[in-house]
Amino acid sequence: MIKLFTRLSCLLIILGVSGCEQQKDPVYHDQFFAFGTLIDISLYGVEQPLAETVCRQIEEDFMDMHASWHAWQPGPLSSLNSHLSALEAGTIEPSILPLLMEAHRLSRLSAGLFNPVMGNLIALWGFHDNALSIGTLPDNAAINEWLAQAPSSNDINIDGTLLSSRNPSVAYDLGGFTKGYAIDHAIERLRAAGIYNAIVNAGGDLRAIGQHGDRPWRIGIRNPRENGILASIEVTGDNSVFTSGDYERFFEVDGKRYHHIIDPRTGFPAMSTTSVTVIHSNAATADAAATALFVAGPDQWWSTAHDMGIRYVMLIDTQGTIHMNPSMQSRIRFEPGINAEISLSAPLQ
Amino acid sequence: MTRADRILILLAVCAMPFLYVHLWFGDEPARFAQIRNGSNSLVIETLQPDRLLHVAGPLGESIIEVRNGRIRFASSPCTTQVCVRSGWLTKAGEFAACLPNRVSLALVGQNPRFDTINF
Chain A
3 MIKLFTRLSC
13 LLIILGVSGC
23 EQQKDPVYHD
33 QFFAFGTLID
43 ISLYGVEQPL
53 AETVCRQIEE
63 DFMDMHASWH
73 AWQPGPLSSL
83 NSHLSALEAG
93 TIEPSILPLL
103 MEAHRLSRLS
113 AGLFNPVMGN
123 LIALWGFHDN
133 ALSIGTLPDN
143 AAINEWLAQA
153 PSSNDINIDG
163 TLLSSRNPSV
173 AYDLGGFTKG
183 YAIDHAIERL
193 RAAGIYNAIV
203 NAGGDLRAIG
213 QHGDRPWRIG
223 IRNPRENGIL
233 ASIEVTGDNS
243 VFTSGDYERF
253 FEVDGKRYHH
263 IIDPRTGFPA
273 MSTTSVTVIH
283 SNAATADAAA
293 TALFVAGPDQ
303 WWSTAHDMGI
313 RYVMLIDTQG
323 TIHMNPSMQS
333 RIRFEPGINA
343 EISLSAPLQ
Chain B
13 MTRADRILIL
23 LAVCAMPFLY
33 VHLWFGDEPA
43 RFAQIRNGSN
53 SLVIETLQPD
63 RLLHVAGPLG
73 ESIIEVRNGR
83 IRFASSPCTT
93 QVCVRSGWLT
103 KAGEFAACLP
113 NRVSLALVGQ
123 NPRFDTINF
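Read top to bottom, the protein sequences are chains A and B.
Each residue of the first sequence is one higher than the one before, starting from 3 at the first, in the working numbering.
Each residue of the second sequence is one higher than the one before, starting from 13 at the first, in the working numbering.
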C-alpha cells in the first residue's frame with residue numbers, strides 16, 4: 003500500500019510539473035496602433051529586452067511609413083497626387099519608389115482589379131473618412147465620369163524619381179497594399195535582429211515565420227458573417243495569410259450594405275463576394291491579391307489567382323458557398339458545425 | 013512489475029490522449045483581459061466581479077462591461093460602433109478593438125487555441 007501511495011504521488015508530481023510548465027508562456031506579445039488599425043506582434047523564445055527594443059523599432063517604422071504613404075493627408079504621396087491631377091510631373095522620395103513600382107507590377111498582374119490609382123473613386127464613396135458612419139451614395143454622374151477616364155497603372159510613367167501621368171483622374175491610394183508591404187518590412191526587421199519565429203498581425207492580416215517551438219503556428223480564420231471562428235490553418239516556415247472582407251468598412255443605405263472594396267470596372271462595391279482569404283509567402287502580394295480576387299468574384303477568382311501566382315485561395319460568395327482550390331482545401335480545417343457548400347476548383351499551379 | 017504498477021501505467025496511458033487534447037487544443041475560458049488604449053498603456057483586468065470599466069481614448073470614453081466571466085464593448089463614442097457589434101468575448105485568444113477610439117480588448121488564458129486570428 004505504501005509502494006502504491008509512493009508511485010501514485012510520483013505520477014501526480016509528474017503531471018503537476020507538466021501543468022506548471024504550461025504556465026510559462028514562451029511568446030512575447032506586443033500591440034500598438036498604426037495604419038489606422040491594431041498591430042499585434044508575437045515573438046517566440048525571444049528575451050524581453052530584445053523583444054521590446056525590436057517592437058518599438060517596428061512601431062516607429064510603421065508610424066513613418068503611414069505618414070509617408072498616406073494618400074490624402076499632407077505628405078509625399080498626397081503632394082504627388084496634386085501634381086498628377088494637374089498633369090504635372092512630380093518627384094517622389096527614393097524610399098517610396100519601390101512601393102509604387104511593386105503596386106504597379108501587381109496591378110498589371112491582376113489586369114487592373116487591384117488598382118493603386120483609384121483614390122478619387124474611393125473618395126467619391128466617402129471611404130477616406132475614418133469616422134465613416136452614415137454614408138451617402140455618390141452621384142452617378144461622378145462615377146460615370148471617373149469610369150470614362152478609367153485611370154490605371156498604365157497611365158503612369160516613371161523616369162527615375164520623376165512620375166507623370168497622362169490621365170488627370172489618377173490618384174494614388176495604396177490602402178489595399180500598404181499593410182502588406184509594411185508587414186514585409188517588419189519581418190525583415192525581425193530577421194535582422196536574429197528573430198526567426200514570429201507573427202506580425204496588422205488588423206487581422208498577418209505574416210508568420212518559423213513556428214511556435216516544436217509545433218506550427220495555429221491561425222484561426224474569423225467567420226465573416228458571425229462571431230467566432232470559421233476555420234483554422236497551421237503554418238510553419240514563411241506564410242502570409244490575408245483576408246479581404248465586406249465587413250471591414252461599410253455603410254448602409256436603405257438596408258443595403260456598401261463596403262469599401264470598389265470594383266474599378268463598375269465604380270461600385272464588388273457585391274458578389276463576402277470574403278477572400280489568400281496565403282502567399284510575401285505579405286504585399288497577398289494583400290494586393292486578396293483585394294483583386296475579392297473584386298474578381300466567384301466567376302473570375304481562379305484566373306486572377308493564376309495570373310498573380312497565388313496558390314492558396316478561399317473565397318466565400320454572398321450565397322455562402324465556399325470556393326477554393328485543392329491545395330487550400332488540404333490546408334484548411336473547418337470548425338465543427340460549419341456546413342457550407344464547397345465548390346472545389348481546378349488546381350492552381 | 014506488480015499489479016499496482018500495471019494499474020498506474022494503464023491509468024497514465026488512458027489519461028494521455030485526454031490530457032494532450034485538453035492542454036494543447038483546449039477551448040478554454042479566458043482568465044483575464046488585456047485592455048489597451050491609444051497611448052499604448054496596458055491594463056490587466058480579471059473577469060470577476062461583474063462591473064463597468066471606463067477607458068479613455070481620443071474620442072472620449074469607451075465603456076467596457078465585465079459580466080459572468082465575459083467582456084465586451086458596452087458603448088463607445090465612435091460613429092461606426094463596430095466594437096460594440098463585436099459582442100461578448102468569452103474565450104482566450106478572442107479580441108475586439110475600437111479603431112477610431114484606439115481601445116482594444118484581448119482575452120488571455122493559459123493555453124489559447126490559436127496564436128493569432130486572421131480576418
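To be clear, the hints were calculated from the coordinates, so they are not data collected in a lab.
Don't be surprised by glycine CBs; every beta carbon is placed ideally from N, CA and C.
Treat the hints with care, since some could be wrong.
Beta-carbon label-pair distances, calculated as ranges [what the hints assert, rightly or not]: (1) A/Ile344 to B/Asp62: 35 to 43 Å; (2) B/Ile56 to A/Ile340: 50 to 58 Å; (3) B/Arg97 to A/Ala91: 25 to 33 Å; (4) B/Gly81 to A/Arg259: 53 to 61 Å; (5) B/Ile56 to A/Ser166: 34 to 42 Å; (6) B/Gln93 to A/Gln302: 31 to 39 Å; (7) B/Gln122 to A/Ser81: 27 to 35 Å; (8) B/Ile21 to A/Asp27: 25 to 33 Å; (9) B/Gly81 to A/Thr93: 55 to 63 Å; (10) A/Gln50 to B/Gln122: 36 to 44 Å; (11) A/Ala88 to B/Ile75: 45 to 53 Å; (12) B/Ile56 to A/Leu164: 50 to 58 Å.
Here are some, though not all, of the chain A residues that point toward chain B, as calculated from beta-carbon distances under 10 Å [unchecked claim]: (13) Asp42; (14) Ser70; (15) His72; (16) Trp74; (17) Gln75; (18) Leu126; (19) Ile231; (20) Gly247; (21) Arg333.
Stretch by stretch, here's where chain A covers chain B in the computed footprint (C-beta under 8 Å, at least three residues) [what the hints assert, rightly or not]: (22) 73-83; (23) 109-115.
Each hint, compared with the structure:
Evaluation of the 35 to 43 Å hint for A/Ile344 and B/Asp62 yields a pass: the beta carbon distance comes to about 42 Å. Between B/Ile56 and A/Ile340, the C-beta spacing of about 33 Å breaks the proposed range 50 to 58 Å. A hinted range of 25 to 33 Å is violated for the C-beta pair B/Arg97 and A/Ala91, which are about 46 Å apart. Here the CB-CB span from B/Gly81 to A/Arg259 is close to 33 Å, at odds with the stated 53 to 61 Å.
The hinted range of 34 to 42 Å is not satisfied by B/Ile56 and A/Ser166, whose Cβ atoms lie roughly 54 Å apart. For B/Gln93 paired with A/Gln302, a C-beta distance near 34 Å keeps the hint of 31 to 39 Å intact. About 51 Å separates the C-beta atoms of B/Gln122 and A/Ser81, a value inconsistent with the hinted range of 27 to 35 Å. Checking the proposed 25 to 33 Å range against B/Ile21 and A/Asp27 shows it holds: the Cβ atoms sit about 32 Å from each other.
Checked against the hint of 55 to 63 Å, the pair B/Gly81 and A/Thr93 passes, with Cβ atoms roughly 57 Å apart. Between A/Gln50 and B/Gln122 the beta carbon distance is about 19 Å. The supplied range of 36 to 44 Å is therefore violated. The hinted window of 45 to 53 Å between A/Ala88 and B/Ile75 holds, with their beta carbons roughly 48 Å apart. Distance hint check for B/Ile56 and A/Leu164: the Cβ-Cβ separation is about 52 Å, which falls inside the suggested range of 50 to 58 Å.
The beta carbon of A/Asp42 comes within 7 Å of a beta carbon in chain B, closer than 10 Å, and the hint placing it at the interface holds. With 10 Å as the threshold, the beta carbon of A/Ser70 stays out of range of chain B, its nearest partner Cβ sitting at about 20 Å, so the hint is violated. Among the interface hints, the one on A/His72 is violated; its C-beta lies about 15 Å from the nearest C-beta in chain B, farther than the 10 Å criterion. For A/Trp74, the interface hint is violated, the least distance from its beta-carbon to any beta-carbon of chain B being 17 Å, above 10 Å.
For the restraint placing A/Gln75 at the interface with chain B, the shortest Cβ-Cβ distance is roughly 16 Å, beyond the 10 Å limit, so the hint is violated. At about 20 Å, the closest approach between the beta carbon of A/Leu126 and any beta carbon in chain B exceeds 10 Å, and the interface hint on this residue is violated. The beta carbon of A/Ile231 comes within 7 Å of a beta carbon in chain B, closer than 10 Å, and the hint placing it at the interface holds. The restraint placing A/Gly247 at the interface with chain B holds, with a minimum CB-CB distance near 7 Å, inside the 10 Å limit.
Given hint, A/Arg333 at the interface with chain B, is violated; its Cβ is 13 Å from that chain's nearest Cβ, farther than 10 Å. By the rule of at least three residues with a Cβ nearer than 8 Å to a Cβ of chain A, the coverage given for the stretch 73-83 of chain B is violated, with 0 such residues. With 4 residues having a Cβ less than 8 Å from any Cβ of chain A, the stretch 109-115 of chain B passes the three-residue criterion, so the hint holds.
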